[in-house]
Structure formats: structure tokens, C-alpha cells
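**Q** Turn these sequences into a full structure, and let the hints guide you.
2 protein chains.
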Amino acid sequence: MDIARIEAAAARLEGHVRRTPLLSSHALDAIAGRRVLVKAECLQHTGSFKARGAWAALSALPEEVRANGVIAFSSGNHAQGVARAAQAFGVPAVIIMPSDAPALKIEGTRALGAEVVLYERAGGSREELGARLAAERGLTLVKPYDEPEVIAGQATCGLEIAEQVAEEGVREADLLTCCGGGGLTAGIALAVEAKAPGLCVRPVEPEGYDDTARSLAAGRRLRNEVEAGGLCDAILTPTPGEITFPVLARLCGPGLVVNEAEVLRSMALAARHLKIVAEPGGVVALAAALFRGDEIEGDAVICTVSGGNADPKVLARAMALEV
Amino acid sequence: MDIARIEAAAARLEGHVRRTPLLSSHALDAIAGRRVLVKAECLQHTGSFKARGAWAALSALPEEVRANGVIAFSSGNHAQGVARAAQAFGVPAVIIMPSDAPALKIEGTRALGAEVVLYERAGGSREELGARLAAERGLTLVKPYDEPEVIAGQATCGLEIAEQVAEEGVREADLLTCCGGGGLTAGIALAVEAKAPGLCVRPVEPEGYDDTARSLAAGRRLRNEVEAGGLCDAILTPTPGEITFPVLARLCGPGLVVNEAEVLRSMALAARHLKIVAEPGGVVALAAALFRGDEIEGDAVICTVSGGNADPKVLARAMALEV
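Respectively, the protein sequence lines represent chains F and V. Start counting the first sequence at 1; every next residue gets the next number (the UniProt record's numbering). Start counting the second sequence at 1; every next residue gets the next number (the UniProt record's numbering).
Facing chain F, a subset of chain V residues (Cβ under 8 Å, in silico):
#, residue
1, 26
2, 272
3, 275
Calculated directly from the structure, the hints in this document are not laboratory data. For every residue, glycine included, the Cβ atom is placed at its ideal position computed from N, Cα and C.
**A** Quick look at the structure:
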């Protein structure tokens, strides 16, 4: 994918997604031992960067195709991004979600006018279900990450980061991304390759779900042993994407891994010092910036806070920590 | 005060304060029954709009005066704004705070390099204490609201609101502000008088501390019966300012009053739908937008979320609510 495709997506997104702020706090700088610049995508429409890729994908469809509606598989953030874009275009959206997705995300998807179809993770073949619904109704599948227009949409976050960190005087730094299937990471890596080549993009994952870090080290796509159950629901993808992984292998530095205690502490610190609500899967990059500093180079580190759709109980649990 | 003074403050603030985003959520629109546009000043440096007025005040001092240092009285947000500006200018700051100020705010002020002097609300004469310290050390007092340069600094928030709501296509609406001494309210009212005259600025206060609403109705400055103890610590000012009140009386619509239950629910809703942390005193305007809709005119309402320095325990209490 070339930068022209990313810039075309940025033009289509203009006025439909937010330019999210780059935040910082002296208190976080002190914890990390270096400047920490936080791209707050939790403040994006629908509470995550997924609104970008979804808008890019739907706006790229021919009108007569889009009019039949779209379908997506998602545990919640891609779901809400697709539902919002479909609602804005006035077309139907069917979202297939696991029955154990956070209630907040299921409700949020329904509130955006989508038809939510729940399936049981154990035993249920969501692909068959999706294929049948798509065929019956003429729906177009919007994949969460292995789709060039989605990657181009997420890349617009990288265009903004490139501009915003330059305004802060930062030219060389590690740029840590929250990584599931790799759509955001690949998109940002492609954008900064063109616009801020001094930044080194590095994916961050939770312990036990570090398929991307291990795959980057091995040079080939590996799978996680478990597929669900962790705190970081948004990024528990089984293996890197077919399209995203070659991009990551070409452009990214080594992956980083954080544990759930670090994730909860980072949620509390983000609320306390940045005044933002981050969800577990959306805060892994900040956790690495704060607590894995010995694996990072440079005077500054940049990280995405990629989503804020935190379950209120999990947020309350994080807020109860002494940080 | 004329708009030239506000624009001069804006020029001095450029690059030193954040242009905070105007946020919104379909879920909040649905609760309010109209569009709700939220100026998220909790995302400002130090977690509140006070960073604006403090920077404006310190940057307006002659260099040789500023070099001796500054002193301020504050329960915490003005404190942090002044401490940050003093630190950036490399001058001493002494902040006199009540001993019952939230620990988060006392710690935050110290972390910004200020010398914090605590006094007991009951019986302690903070004015005498301040006057003695100021005289001994040649410190300049930076008042929290009854100071033209501070008002000009807070007014820059109004300049941004005027631009941002115009981009959203809103020309006529109530603009609800969180109101203590009236510095933010007066500043915003002066800015929108010049830049967005279709907006009607209306101060919002908590029950029991509605001195401004009653004073506006009476046409003269009235006092609250109690002076401390409420949830909304940031805005428990005893009476409208001498300089701010005439501005409010000339430019503002009627005040609104909300209760503490509405404040806590609004904190939870802001976290859930906007992904921001708001403190009690910083969320009264949003509470009025959401729950006092019958006192508001128009298809849209604008409100400030003026601060995010929430005590973690209070935030956890709010998050535990079913909203």
C-alpha cells in the first residue's frame, strides 16, 4: 500500500472522524523516565480508532454495493465503528459478536442501529453464520484488519501522530501501538514510513496473547495457545493478519509484552494524570511505555491509547488501586 | 475588557496550553433530547482550564516582578495552574491551600515544584498568612478569578468554543459553564460576545452553592450560607467576584442549579460515553445539559467540562452507579 491510498482515505474521513489530541503529563514522564506522548484514540467517535477504518471501508464501497448493507465480526470496537459508519450512510449493518463480549460494547453497537447477532465462542462457527447471512441479504463483509481500506483508515491515525510529534520537536522515538490483528499497527507503520521515518513502530500485546511479538521474532506467523479469556478483550486475536503481518515484518521493531497488573495500573494512571478512560486492550502500549522502559530507546516514547470502551466494573477495579 | 486583551492573552498562550477538543456522543444526545457539545477542559494541562488564566497572568507580569515569584490561594486547580506556569518560567510559587483540599490536588501542586502551605479553614486567616509571606518574599499574588489577565486567559477557552461550535454548524445555543468565582464564565461570555453572539452563556452551580444564580436573579452579589463541605470542591466560592459579577450580569442568561446525585451520574456518563474523567465541580454544566433540559432552549446545548482532577474514590463511587 502506498501513501497515496492512505491520503485518499484521510480525505474521505475529513469531517467524519476526530483529530484526536496528543496528551502528556509530567507525572507520567517521571514514572517512565522519559517524555511520554499519548495519542488518545479513546476520544475518537465510538471510543476507539476503529471508527477510522470502518469509515474508510464503507466510504470506499460502490454506492450500489453499500446500499445492500454490511456485515462484520467483532467483539465490540470494530462493531461500533462499522455500525456508526453504516448508520451515517443510511445502510443496514449486521454485527456478529461473541456472547461474552462486554455488555457495554454490545449495547453500544445496538444503540448505533446495528442488528447484533450473538454466537457462542465454544463450538459456534461464526464464519458459517456470517457467510449465510451475507449471502441471504447481499451484505458486504467488512473485515477488522485484513482489508486494505481498513488499514488505510487506521493509517490516518499515523498521519496525525507524524504531524503532532513533529510539533513537539520529537523526530526519533519508539512508537508503541496496541496490537491485535495488526490493522492499527500496520497502518501507522505505513504512514510514518512516509511521514516520520525516524519513528520506530513497535507492537505491544498482553502476556499469553503475544502472537505478534513471537511472529516478528520468528519471521513467520505463529498462533496463541489460547484464544479468549484475557482482560484485554479488544486485542485477543489468534494470529497476525495475512495482509498486516508482512507490513509489520518489514517496518516494525521488536514487539513488547505487558502483564495484566501493568494494564490495570496504567488504566488508573491514565485516568489520574491524563483524565482519559482507557480500556484494557487500549492501554497496553502505555503500560509498556511506563513499565518496560528498559526495552525502549530514547528520550521520548510515543504510544497509542487505542480504545476507551472499558467495562465500568473493570475501570472501578483499576481506580481502586494505589498508583 | 475588550476582545483585544483576550486575543493578546491567546497569543501569549499559543504553544503553552492545549486547544482542547469539543466532544460529543449520540448516547448523551439521546439522554438530553438535543445535541450536547462538550468542551473538554479536563484534558487541559494540569487537568483544568486554570492553566490558561495562570499562564496569562504570569506571562503578563514584568520579568523582574515575576522573577521574585508568585503566590496563590487555591483548593487545587488554580494551584496547579499557577505552579505549572511558575515552573515553566523558572520562578518560585507558594500556594496556600486548605488542609481539607483533595490529596490528589495537593500532591499535584507539589509535583509541579510549588511550595504548598496548608491552613485550617476553621479559624485560620489565610489572607493574613498570604500577605505576610508575600511581603517577606516579594511575591506577586495571582488571584483565581478577580484579576483581568486571569479572566482574559480563561476567555481563550471561549475563543476556541466559538470556532469549534461554528464548525459544528451551531450558531444559537445555550452555553453552560461550571461556575465558582466566575472567572471562566466571565471570560467565555466576553469571548463569545465578540465571536459568537448567538450563544447565551449560563453559569451552573451545585445546590447550596448557587450564589451566582441567586445574584444574577437579584441583580446584586449575594453570599452562600455555607462555605465548604460540598462534593464540588473546585467551585464552592462564597460569592461572585467583584470584577466578574458585572460581566456576568451584563452578558449571561439565568443560572442553573444541579444536585450531587446528578453530578455523580454525569461523572459516570462522561467516563462511559466521552471517555473523559471529570471532577464533581467540573461536571455541573454537563449535569445541567443532561438533566435540566426543561430549563434550556434550542436543538443543541454546549457545556464546559472544566476540570478532571477527581479524587479516585469519588470517581470509583460514580463508576459504581448504574447509568
